[in-house]
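Q: Chains A and B are the protein sequences, given in the same order. For reference, each letter of the first sequence is one residue, going 1 to 408 in the numbering used here. For reference, each letter of the second sequence is one residue, going 1 to 369 in the numbering used here.
Don't take each hint at face value.
[What the hints assert, rightly or not] Per the computed footprint, the stretches of chain A lying under chain B, defined by three or more beta-carbons under 8 Å from a beta-carbon of chain B, are:
1. 5-15
2. 165-174
3. 271-282
4. 289-298
5. 306-318
In short, the hints are calculated from the structure, not lab data. For clarity, every value in this text was computed on a predicted model and none was experimentally measured. A virtual CB, placed ideally from N, CA and C, is assigned to each residue, including glycine.
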Amino acid sequence: MTIDFELTKNARVAQAHYHEMAEQHMRPHSREYDDREHELPAPWVDWFWKEGRGGAKGTDLSAPGDGMVQVCVQAEELCWGDAGLYLRMPTAALGGSAVAAAGTPAQKEKFLTPFRGDGHPIWGAMAITEPQAGSDSAAIQTTADRDGDEYVLNGTKIFCTAGEGASQHEGGFVVVWATVDRSAGRGGIKAFVVPAKTPGMRLVGTEKKLGIRASDTATLVFEGCRVPAANLLGSAEVKKHDAKSTGDKGFKGAMATFDASRPIVAAMAVGVGRASLDFLREELTRQGVAIRYDVPASALGAVERDVIDMEAELQAARLLTWRAAALISRGRPNNLEASMAKAKAGLVVTRITQKAVELLGPAGYSKKLLVEKWMRDAKINDIYEGTQQINQLIVARRILDYSSSVLR
Amino acid sequence: MLGAQRGHVIDFDPSEEQQLIVETVRQFARNEVRARARECDEAAKLPAELLSEAHALGLVANGIEEKFGGGGARSALTGALVAEELAWGDLAIALAILSPSLEALPVQDFGSDAQKRRWLPGLVGERFRPGALALVEPHYGADPLRPTTRARRADGGYVLDGEKCLVPWLDGGEQVLVSATGESGPQLFMVSRQAKGLRATKARYMGIQALPTVELALEGVRVTADDALATGEQGLAQVVQRGRVAQGAMAVGVARTAYETARDYAKEREAFGAPIATKQAIAFKLADMSIEIDAARLLVWEAAWHLDTGRDAARAVALAHRQAQRVALEVSDGAVQVLGGHGYTREYLPELCLRNARGFTCFEGLSLV
């Protein structure tokens, strides 16, 4: 235990590796697949599946790693490359996190192994949000009724990231949240692995969005969609009372995956913000504007002051993110810290990318550059995986020691 | 398995020794410093026995070389941890308690052996002896890295001319370190309070009222060559950076005081039949404050870590300093707002935090790590 801000050697190797990947294999496709919204970025996907999955070469597996911090470093670099393409990478993504967090060894083997296989590219996804249930995920209406050895799913899921890939390409899967007992409230909510192409799961459309347009944000309809009972993640038991304190693996288990995913989303946000800030600084250097860190505030130009503040805010978000990640790596609770990081990062990069457009003037506003795209991409970080406000709410409950019934 | 392979790994936990120091200082800050914060501010006075008690904790001595009476554990990070806790108690009292380091640390970093022998033992000895550093100049656009106070060579020594302000001037101090620019660039000079041509005028400020401060006029003040610290430009820059890290840490401490007061008040104060903390308008504001304070602290730690590991700290220091002073001001203002009319009264601490926090943009070198 000692305060240290230096990444492990392995994390730095990974950082360099993913930075190169971002620069050479993502940036060149950025504009094209932003324009060709919803179209599968096949060259990128194929390249990633064949070459990109391997990870960094030259890592010393016997040396200590940074665990989750390293995952965050990777996410930051790749989203510095392109946040939309990052979300379109053929990986198990959030669906995989849910299986990893709540699944049995057999479930992990069955659903996660194909992602390491040689077949065609596949995707994983998580389907929580419904037309009438966003931040309030306990209010979901999709039902799962037991019928013999199966559950039958009925309902509509929206805003499912990678939902097209995960539902349409055999080998992938969607983790669907549904209630087995509406009267039990959140205690009745369970997660089910629905393999791609399962009859009764239908892709009815993809969202037209402000940004991350390369990402397939899907609407999925479930009509009499049957999955084996063995596809339920966690316990089948319904705890009607006090689901919060019983260690229930249904709702609570699923919420716990947010503690792991929020630092990653915060890191993704930092990546987009950094893309914008790096470009701005390079452009200012080209224009002969140097940022001086050691002159009195009264001597700073307005642009210098803006850039220093943007840098401070971005670094603040990054450090909160790494702190939340470091806690997970050490097996310590990070619910508060994860929400702090996510709340800060989402807001900060929204502001930074908007400021970059402003400072670069018409060039920043132009589609000739990617600065306008980064601004559109950044905003999603303030919304998904818990909006700014939901994370404020979580932080507020924690610091005030209030339950969700007292601070609603 | 660890040991041999143990390299760097991201870690945000202070060492056990640092945690112990933090615990000790926090207890002192709560029981002795905070308890007297208001009366000291109102009276614009510091009880001598409080400074003696604090001095006995050895906080300044801890970072000074053992052969000159110190603990030999120099660390900007530890310094930042201590500065935050004391400032959480009260900023003015914290600045006074740590004032010997204003002379001790630059002397330790840039002094010759003879200079260290001459000055250090007195500053870290049994008796509390305040120190003073004069970096701030009163004109608009003043830059601590480029002092306009001049140092002219004369008779084997120097003659100093110029003006300084915001110089701590506690009872019992014997000297003051003054920055001035000579032929070979800026440098620090130890000046006796009794020096001819040195005029100290008592000053009053919006905040840190308990800390005695003066404006200094130097007119043909003579010092010997032995009074000059060989800082050079780089050295002075480092002193300024160490000051900014200390100010950043103290800004976090002030913000914490304001935030905690607002949080506790909001849980007690009822409106429309429930504590105001149960309203999202208040709860979210408190949540934002806690996030900003944590983030600013991490930036301050990172800057201190740059100093401790011998890295170029200029950028990290600038980011931490700007962010922490902004956060201190915003959080203090937010706390006044949460307490409403009560926040505007001198019954509660947020108004004191607000007056103190506003000063961080000009508190150059008021403490060092």
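Q: For each hint, tell me whether it holds in the structure or not.
A: Hints versus structure:
{"no.": "1", "hint": "5-15", "result": "holds (count 6)"}
{"no.": "2", "hint": "165-174", "result": "violated (count 0)"}
{"no.": "3", "hint": "271-282", "result": "violated (count 0)"}
{"no.": "4", "hint": "289-298", "result": "holds (count 6)"}
{"no.": "5", "hint": "306-318", "result": "holds (count 8)"}
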